[in-house]
Amino acid sequence: MLIDKIIQELQNIPEDKLAEIYDIVHSFRLDLDRELSDEETPTEIVIEGIHQGIREALSGQTLPLSEMWEGIDAE
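Last residue of the sequence shown: number 78 in my numbering, and the count goes up by one each step with no gaps.
Just so you know, not all the hints are guaranteed correct.
Simulated DEER-style distance windows between Cβ atoms [said to hold, decoys possible]: (1) Ser69 x Met4: 35 to 41 Å; (2) Asp76 x Gln14: 34 to 40 Å; (3) Ser69 x Asp19: 17 to 23 Å; (4) Ser69 x Glu47: 31 to 37 Å; (5) Ser69 x Asn15: 26 to 32 Å; (6) Gly74 x Gln14: 33 to 39 Å; (7) Ile10 x Glu73: 29 to 35 Å; (8) Ser69 x Ile10: 24 to 30 Å; (9) Met71 x Ile16: 15 to 21 Å; (10) Asp7 x Pro67: 30 to 36 Å; (11) Met71 x Met4: 26 to 32 Å; (12) Gly74 x Ile9: 27 to 33 Å.
Calculated from the structure, these hints are not laboratory results. Using N, Cα and C, we set each Cβ at its ideal position, and we do this for glycine too.
Produce the complete structure using the sequences and hints provided.
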């Protein structure tokens with residue numbers, strides 16, 4: 004099952020990187036919630052987005068949480 008593979012990968016990530024992974028996955032899921040109002044996103048696109056986020060986190064291409072939402076207006 005795919006979720007088991009994801010969990011297995013997460014277990015191999017250093018503890019100090021897990022908060023970044025969580026932020027990426029959580030942000031990704033929130034974006035999906037907004038995008039999926041009437042449409043389904045193909046599974047391949049979802050998986051690639053997760054992979055890209057994990058690669059960025061592990062290579063240090065992250066923003067501090069305090070900067071993540073700069074420039075975004077909330078209503």
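- Task: Would you list, in rising numerical order, the hints stated earlier that this structure does not obey?
- Result: Hints that this structure does not satisfy do not exist here, as all of them hold.
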